[in-house]
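Here the structure of chain S is known, so what remains is to put chain V in place on it, guided by the hints.
Protein sequences, first through last, are from chains S and V.
Per my numbering: the first sequence ends with 347, consecutive numbering throughout.
Per my numbering: the second sequence ends with 347, consecutive numbering throughout.
Hints are all accurate, no fakes.
The following label-pair restraints were derived from C-beta to C-beta distances:
1. Ser138(V) to Asp36(S): 55 to 63 angstroms
2. Pro297(S) to Ala277(V): 52 to 60 angstroms
3. Pro72(V) to Ala31(S): 54 to 62 angstroms
4. Glu232(V) to Arg77(S): 52 to 60 angstroms
5. Lys157(V) to Asn311(S): 19 to 27 angstroms
6. Gly237(S) to Ala79(V): 56 to 64 angstroms
7. Asp36(S) to Pro167(V): 34 to 42 angstroms
8. Ala79(S) to Ile116(V): 39 to 47 angstroms
9. Arg299(S) to Glu316(V): 26 to 34 angstroms
10. Glu232(V) to Gly261(S): 36 to 44 angstroms
11. Pro297(S) to Glu232(V): 56 to 64 angstroms
12. Asp131(S) to Asp131(V): 19 to 27 angstroms
With the C-beta cut set under 7 angstroms, the calculated list includes, among others, these residues of chain S facing chain V:
13. Leu118
14. Met122
15. Val126
16. Leu130
17. Ile176
Don't read these hints as lab results, they were simulated from the structure.
None of the values given here were measured: they were computed from a predicted structure.
The C-beta atom is built at its ideal place from N, Cα and C for all residues, glycine as well.
2 protein chains.
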Amino acid sequence: MVLAIQPTDLSRLGQVSVVGGAGFIGLNLCRHLARSGASVTAIDPNPLRREAIEGFDIRHERSLTRQAVEGSSVVFHVAGSTEPASSNIHLREDMAGTVGLTLDVLEVTRSAEVPQVVHVSSGGTVYGPKAPTPTPESAPTDPVCAYGISKLAAEGHLQLAERLHGIRAFNLRVANPYGPWQDPRRGQGAVNAFLHRAMNDEPIELWGNGDIIRDFLHINDVVSALCLVPLYEGDQRIFNIGSGGGLSIAQLIKDIESLMGRPVRIDRRPGRDVDVPCSVLDINLARRELGWRPMVQWQEGLEDSLTWMKQYVPAEAETR
Amino acid sequence: MVLAIQPTDLSRLGQVSVVGGAGFIGLNLCRHLARSGASVTAIDPNPLRREAIEGFDIRHERSLTRQAVEGSSVVFHVAGSTEPASSNIHLREDMAGTVGLTLDVLEVTRSAEVPQVVHVSSGGTVYGPKAPTPTPESAPTDPVCAYGISKLAAEGHLQLAERLHGIRAFNLRVANPYGPWQDPRRGQGAVNAFLHRAMNDEPIELWGNGDIIRDFLHINDVVSALCLVPLYEGDQRIFNIGSGGGLSIAQLIKDIESLMGRPVRIDRRPGRDVDVPCSVLDINLARRELGWRPMVQWQEGLEDSLTWMKQYVPAEAETR
Numbered sequence: 028m029v030l031a032i033q034p035t036d037l038s039r040l041g042q043v044s045v046v047g048g049a050g051f052i053g054l055n056l057c058r059h060l061a062r063s064g065a066s067v068t069a070i071d072p073n074p075l076r077r078e079a080i081e082g083f084d085i086r087h088e089r090s091l092t093r094q095a096v097e098g099s100s101v102v103f104h105v106a107g108s109t110e111p112a113s114s115n116i117h118l119r120e121d122m123a124g125t126v127g128l129t130l131d132v133l134e135v136t137r138s139a140e141v142p143q144v145v146h147v148s149s150g151g152t153v154y155g156p157k158a159p160t161p162t163p164e165s166a167p168t169d170p171v172c173a174y175g176i177s178k179l180a181a182e183g184h185l186q187l188a189e190r191l192h193g194i195r196a197f198n199l200r201v202a203n204p205y206g207p208w209q210d211p212r213r214g215q216g217a218v219n220a221f222l223h224r225a226m227n228d229e230p231i232e233l234w235g236n237g238d239i240i241r242d243f244l245h246i247n248d249v250v251s252a253l254c255l256v257p258l259y260e261g262d263q264r265i266f267n268i269g270s271g272g273g274l275s276i277a278q279l280i281k282d283i284e285s286l287m288g289r290p291v292r293i294d295r296r297p298g299r300d301v302d303v304p305c306s307v308l309d310i311n312l313a314r315r316e317l318g319w320r321p322m323v324q325w326q327e328g329l330e331d332s333l334t335w336m337k338q339y340v341p342a343e344a345e346t347r
Numbered sequence: 028m029v030l031a032i033q034p035t036d037l038s039r040l041g042q043v044s045v046v047g048g049a050g051f052i053g054l055n056l057c058r059h060l061a062r063s064g065a066s067v068t069a070i071d072p073n074p075l076r077r078e079a080i081e082g083f084d085i086r087h088e089r090s091l092t093r094q095a096v097e098g099s100s101v102v103f104h105v106a107g108s109t110e111p112a113s114s115n116i117h118l119r120e121d122m123a124g125t126v127g128l129t130l131d132v133l134e135v136t137r138s139a140e141v142p143q144v145v146h147v148s149s150g151g152t153v154y155g156p157k158a159p160t161p162t163p164e165s166a167p168t169d170p171v172c173a174y175g176i177s178k179l180a181a182e183g184h185l186q187l188a189e190r191l192h193g194i195r196a197f198n199l200r201v202a203n204p205y206g207p208w209q210d211p212r213r214g215q216g217a218v219n220a221f222l223h224r225a226m227n228d229e230p231i232e233l234w235g236n237g238d239i240i241r242d243f244l245h246i247n248d249v250v251s252a253l254c255l256v257p258l259y260e261g262d263q264r265i266f267n268i269g270s271g272g273g274l275s276i277a278q279l280i281k282d283i284e285s286l287m288g289r290p291v292r293i294d295r296r297p298g299r300d301v302d303v304p305c306s307v308l309d310i311n312l313a314r315r316e317l318g319w320r321p322m323v324q325w326q327e328g329l330e331d332s333l334t335w336m337k338q339y340v341p342a343e344a345e346t347r
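Chain S extracted, bound-state conformation (with noise of 0.2 angstroms):
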């Protein structure tokens, strides 16, 4: 199965770089990039994963540095370094891979002359838990995670190089995606990680009772996202990312044994604070400006999620 991606034409980004490119989403990108015409470097100390990348070039550089990038009419900043549940552990290391990150993208931006750059911020954590749902770009910001606070300080360092510097700088606030490529043992996204557990008759853990609301959204209408993201000639610098909708994590857990065929394993833990309960995103002004549109249908993004697990996960592998 091979789930629809909106369509555009990125020859015209000539050469784009992707920091993040050996992660979820940046992999992701980068492949929909190269067969799209594009012609990608991903940044990354991390290998790409070679069962990614066939059929495709994609320029490979370890270190983030402005020849990586000289010559790029567009780098893709999708470099993740914490995760929102261990944010809250590691304040130091989270403030540094993610606002310290965007900094160096920012200053080897500047110094190879690339024209824009678009980051991708968290949708799940910059709003916290008082924002109207569905929730719009102008709710005001209060993250209740490090990582919201270090996003929010990184989509502001954007908008300062803009100011500073004209460098046409973008933040997509992304809601919670899931697709292929996202390591369900790496603790990335409930979605994959649950797919992963029920596959191997694993327990899940769920944290609180499963009325916590998220906003789920297949990889491929992310990429899309962002691949318009350069070619648009708007006003506007912040953008958000979702599904359109909302989904319980009781409900994905039913949705999962409906696709498995057979009840899950559920092992209970006390709700954390780290969870807004929750996170709607209003993608209206993503839709209306950038003419973006998410089109993969939960059930089949679902689908297509264990497709892929079952051929590139193996089922052994689980590490705690």
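Below, chain V without anything else, positioned relative to chain S:
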């Protein structure tokens, strides 16, 4: 001349710590706390100016450690590293100095089991140019300089410390403070810098045409607000602390000329991106919740600053 300061019985605070106690805000705060019956530890790598602490005792610790704050009823975090204008050049230093130091403060506060922390944030840089004026605490944040970005992240970490660890954590968004012990040679604050230039018959650097509006607040009014917070029992955690009004830079210069009885020379420079056109804080929340009010009149505050400067800042010691 001794200026009014809103009276509060501070002996109830017992032992207190002031991180940044050798700086402008810190020194004024330490002096007032010590005079009012609190037992004060100033924590600062720099020495306390001996002439500022005559007549009372202030313990001085150079290092921010658990031992230094142990037994305190409150930690005041009034340390600042960079200035708004230079923060845009030294982005990493600003992040480390502002956010990193705040993480250090929160860590020792928690580890020493001090129940509350009061942080001086920046009323002039966190809101951004589109905020309504006077600006209430609920206005969207949109910092236009690295200093504001970092202050906002520091604020977030205080709120996170309360959420995760139960530390009562307050952010005071202070406007543009001026007054005694603000070193005019460090580029801290327009009022003292301009007064000092005028006093030495040197030209005042004017960035832009002087129509920028600032909310100048005498340090005594900042100190009285800081001292009311640890005694506050309500639910609010973020307070604007300003004068209640705004003054143009051009008017500031005129008022300095009136005070000096002679015209001052002006060195005109282009406007700076770091400057929002108008910064005036809405202080009704602090009035209502803390029972605080600014008491120093502008003219008497300006005169107080000049009187202090004539006594304590050598005219010949100008450093650039």
